[in-house]
Amino acid sequence: MASSSGSIEYPTNAEICRLNRAIIELSGGRFEPPDNLRIPGGLESLIQVVSNPIFGVDNYPTLEEKSAAIGHRIISGHIFNDGNKRTGILVAWGFLIKNGTHMYLDSSVEDLAVAIASGDAGYTELLEWINAHK
749 MASSSGSIEY PTNAEICRLN RAIIELSGGR FEPPDNLRIP GGLESLIQVV SNPIFGVDNY
809 PTLEEKSAAI GHRIISGHIF NDGNKRTGIL VAWGFLIKNG THMYLDSSVE DLAVAIASGD
869 AGYTELLEWI NAHK
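Quick note: the sequence shown uses our numbering, first residue 749, plus one each step.
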């Protein structure tokens, strides 16, 4: 993960795409070369929104908030052709781990990811889940 803001390390587009590809290769799904992106520029946009303050205001001031925003935007934005739920959760988890905050994953994250993808849950629910699993 490459540093984009201060000492916080954000995932790069290439890292996220490689993770998505690995997830699909390991657990199945559809991968469309070269990077499986359904929305070109989607990853750049989401990392910029999360990592850069807008008019001096950091909309996601904590690591947990940044993690939830990254995961939520990958899942709800359907950035990839397949594997958005798996990728979103693992990128959010990896972001926290890389930045020194430990979080454990359990099977409840699967239902949450499905709810986010369908619009039945959102950023707030993912943030609450992250905070409950530290």
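Think of the hints as simulated: they come from the structure by calculation, not from any bench. Quick caveat: nothing in here was measured; it's all calculated off a predicted structure. There's no promise every hint is true.
Here are the in silico distance ranges between beta carbons for each label pair [unchecked claim]:
(1) Gly804 to Glu780: 35 to 45 angstroms
(2) His881 to Ser775: 40 to 50 angstroms
(3) Val797 to Asp868: 14 to 24 angstroms
(4) Gln796 to His826: 32 to 42 angstroms
(5) Gly848 to Arg786: 27 to 37 angstroms
(6) Gly804 to Glu858: 37 to 47 angstroms
(7) Phe803 to Pro781: 21 to 31 angstroms
(8) Arg778 to Glu858: 17 to 27 angstroms
(9) Asn847 to Glu873: 16 to 26 angstroms
Glycine residues also receive a C-beta, built at the ideal position from the N, C-alpha and C atoms.
These are the hints, each one checked on the structure:
1. Gly804 to Glu780: 35 to 45 angstroms: Since the Cβ atoms of Gly804 and Glu780 sit about 39 angstroms apart, the hinted range of 35 to 45 angstroms holds.
2. His881 to Ser775: 40 to 50 angstroms: violated (21 angstroms)
3. Val797 to Asp868: 14 to 24 angstroms: holds (23 angstroms)
4. Gln796 to His826: 32 to 42 angstroms: violated (19 angstroms)
5. Gly848 to Arg786: 27 to 37 angstroms: Because 32 angstroms falls inside the window, the suggested range holds.
6. Gly804 to Glu858: 37 to 47 angstroms: holds (38 angstroms)
7. Phe803 to Pro781: 21 to 31 angstroms: The hint (21 to 31 angstroms, Cβ to Cβ) is violated, given that Phe803 and Pro781 are roughly 39 angstroms apart.
8. Arg778 to Glu858: 17 to 27 angstroms: holds (19 angstroms)
9. Asn847 to Glu873: 16 to 26 angstroms: Holds: the Cβ-Cβ distance is about 22 angstroms, inside 16 to 26 angstroms.
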